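Start from chain A and add chain B with the ligand according to the hints.
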Amino acid sequence: MENKKIKKVLNLLRSMKFGLFLLGILAMISLVGSIIPQERELSFYQNNFSEGRLNLILALRLNNIYRSWYFVMLFGFLCVNLTLCSITRLGNVLNRMRTLPKVDNTNPTETITFKHKEDQENYINGIFEGNGFKHFEMKKEKDKILYIGRKFRIGYLGSWLIHLGMLIVILSYGYGQYTNFSTSVYGVPGSIIDVEGTDFRVAIEDFRVDYREDGTVNQYYTDLKLLNSNDEILKSQEIFVNRPLGYNGFNFYQSATGWAADLVFRRDNEVIEDVLYESTVFIEENEEVAIHFTKFYPDFIATERGLFTRSNHLNNPMFLYSLFFNGIRVDMNVAAPGDLIEWNEYQIKLDNPRMYTYLEVNRLKGKIAAITGGLLAMVGLILAFYIKPATLLISLEKNKLHIYGNDKGMINVGLNNQNRQLEV
Amino acid sequence: MLLENQSFNITLVVYTIAMICYFVFFLFRKEMMADYGSLMIKIGLVFHTVSLTTRAVEAARLPLSNQYEFATSFAWGIAICFFEFERRYKFKILGTFVTPLLLLVIFYAAMQSREIRPLMPALQSNWIIIHVSTAIFSYGAFAIACGISVMYLLRDRLKTDKFITNHIPSLETLDLISYRAIALGFIMLTVVIISGAIWADRAWGRYWQWDPKETWSFITWVIYAIYLHVRLNKGWKDKKTAWYAIIGFAAVLFTYAGVNTILSGYHSYAMILLNMV
Ligand code: HEM
Chain A
260 MENKKIKKVL NLLRSMKFGL FLLGILAMIS LVGSIIPQER ELSFYQNNFS
310 EGRLNLILAL RLNNIYRSWY FVMLFGFLCV NLTLCSITRL GNVLNRMRTL
360 PKVDNTNPTE TITFKHKEDQ ENYINGIFEG NGFKHFEMKK EKDKILYIGR
410 KFRIGYLGSW LIHLGMLIVI LSYGYGQYTN FSTSVYGVPG SIIDVEGTDF
460 RVAIEDFRVD YREDGTVNQY YTDLKLLNSN DEILKSQEIF VNRPLGYNGF
510 NFYQSATGWA ADLVFRRDNE VIEDVLYEST VFIEENEEVA IHFTKFYPDF
560 IATERGLFTR SNHLNNPMFL YSLFFNGIRV DMNVAAPGDL IEWNEYQIKL
610 DNPRMYTYLE VNRLKGKIAA ITGGLLAMVG LILAFYIKPA TLLISLEKNK
660 LHIYGNDKGM INVGLNNQNR QLEV
Chain B
7 MLLENQSFNI TLVVYTIAMI CYFVFFLFRK EMMADYGSLM IKIGLVFHTV
57 SLTTRAVEAA RLPLSNQYEF ATSFAWGIAI CFFEFERRYK FKILGTFVTP
107 LLLLVIFYAA MQSREIRPLM PALQSNWIII HVSTAIFSYG AFAIACGISV
157 MYLLRDRLKT DKFITNHIPS LETLDLISYR AIALGFIMLT VVIISGAIWA
207 DRAWGRYWQW DPKETWSFIT WVIYAIYLHV RLNKGWKDKK TAWYAIIGFA
257 AVLFTYAGVN TILSGYHSYA MILLNMV
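The listed protein sequences correspond, in order, to chains A and B. In this text, residue positions in the first sequence follow my numbering: the first is 260, and each later residue adds one. In this text, residue positions in the second sequence follow my numbering: the first is 7, and each later residue adds one.
If you are wondering where the hints come from, they were derived from the structure by calculation, not from laboratory data. Since the structure is predicted, the reported quantities are computational estimates derived from the model, not experimental observations. Incorrect hints may appear among the rest.
Anything over 12 Å on all C-beta distances counts as not near chain B; from chain A, calculated [as the list claims (entries may be wrong)]: (1) Cys338; (2) Gly385; (3) Leu423.
Rough simulated footprint, nothing fancy, chain A against chain B, three-plus residues with beta-carbon under 8 Å [as the list claims (entries may be wrong)]: (4) 187-197; (5) 207-215; (6) 219-231.
Idealized CB from N, CA, C, for every residue including glycine.
Here chain A stands alone, though its shape is the one from the complex:
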């Protein structure tokens, strides 16, 4: 009784129906996820959706649907399904590669006469050759000889490989997501920075932006040295978009850029120097004064419509900043590099504007496995759709000749269950 139930469940789990059902549901969930923007801040959903929708979205995690437990679980079931069905089908596939067409001996329909015994052999050779079989084997049985030709047997493996490949892709993707590590580093040329969460440090040797004549960006280049915790060089490379630096599974990607400036902060005799990045804030120790580097204009121009930059070149550089005192904005203005910004006993200077590079760092495991799975599936697809296996079997029983082809093969061979009488 119990056994029967287990068998029933197992049969369901490995059935194609179940697999297709899962795929369909996954597609539908993905569709919902493509409509509702994913992984935004809560306020985004609050602003864009009515109360009822919002509650529904949060309850069903529609805002992070691809990481929701049910989405992952469905993929899990798909893996179980693919695994079970691949295991059970492997036997069938191998069998189909091995088995020969059923021989049924009906009476000959035509008679062919030969002068010599060799002619008969030539005749059989000819049938194989004529149907595109270069080789065939001969098997002697009790009272008959079997001639067996087989072509493209590998084609049988096609659909099996597709499913194995897909299984590998899904598993490696899941593994990659599960063990995913990512962070970022940024800095101006000449700086050495710790990579958070790793033992690496990076030295940013240089950073260049290659502009085209029309002012658009052609490419960003960072000369990067990867160091270990003892500052020994592990790898050194020029990276740009589409050419990351890879080391031990970690990859460093050229991702973004922006402006930075040297900050000199002076109060009485106390001097603090730092690098300040565009749209970040420097807050002094006592939290009395803060300066926000709002925006940088390399080629500044003020018009009635606002502040602009005419180009990317440092023709008339200008910093837009805001100054805060005890949390209240007390000044907002533009300053040229080196201009003194003063408030009470504080003196602040922004200078030496230059671009910094922003690198994404991540380690995504299982990439090689995923691509292997993808390629397996590709090979499988080609085999399944374009390599049609064919078998040609000729049995010679005394002087009766029977020709058989297997089901799929006969499409190629065009001779099925023909029986010919051979006479010498």
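Leaving out everything else, chain B with the ligand in the frame of chain A:
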């Protein structure tokens, strides 16, 4: 630039004439018109190829990088697939059902900006060439399958119409051609997805992020995977499969154009719609 524009415009006109020929052939049952239609497609293909080639030379890269370039290349892919399937299966009426799709895509192209813009850094990759060129043939093959499926439904409906039965092959043949086209499209789509993933990995370090474009290519891919299975298993070789292939192509079009227009942006139409229902 002039050559490119002129030949593109001529292509547009010639394809339109081809469609009209095929329609006249179909509605007024004038045999000759189908031959003219077929000829027009071939002439159109020549101009189309000239237009694409000059653009490629002008831009010093393959014309596969923005909506205009991809749309015109996509239309070219449909025309090439059509040319091949018509040559191979030799039936005149195919044009009546495929030329509307061809026109749909090429007029979409005509509405896009034709300015040659330099590539943003992320698009400067060889993977994108494989990615987009296979997409053209994948989408082209699915378009053919869609056209064939419409024929299937028509043939099924007008069983007794002499003209239809003369010109539209048997339901079995239609189903087989549609299946072959989908098989080809499916293989190509798989290459599209794999090469896209490799490219994304090189550029951003993540090969799959479920962004709307990726998600829709997944949905399309699943739709056709289900098609292949039910056809195989249930022996679904009837009207249902034909409808299914048509819906599949709608998903293709959505993946290509809908994602960029309807799903993109903060206040996408889709979200507005979602708030209304
Ligand atoms: C994950 C995505 C999947 C893809 C891309 C895929 C793809 C394919 C393809 C292309 C074929 C060959 C169709 C043909 O020859 O016309 C096939 C056959 C088949 N698939 Fe899938 N499949 C998937 C999932 C599944 C699942 C979940 C099952 C359920 C167990 C399944 C069961 C089968 C079976 C039983 C066949 C017939 C095999 C044969 O006749 O040799 N597939 N699949």
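Let me make sure I understand: some of the numbered hints might not hold for this structure. Which ones are they, in numerical order?
The structure breaks none of the hints.
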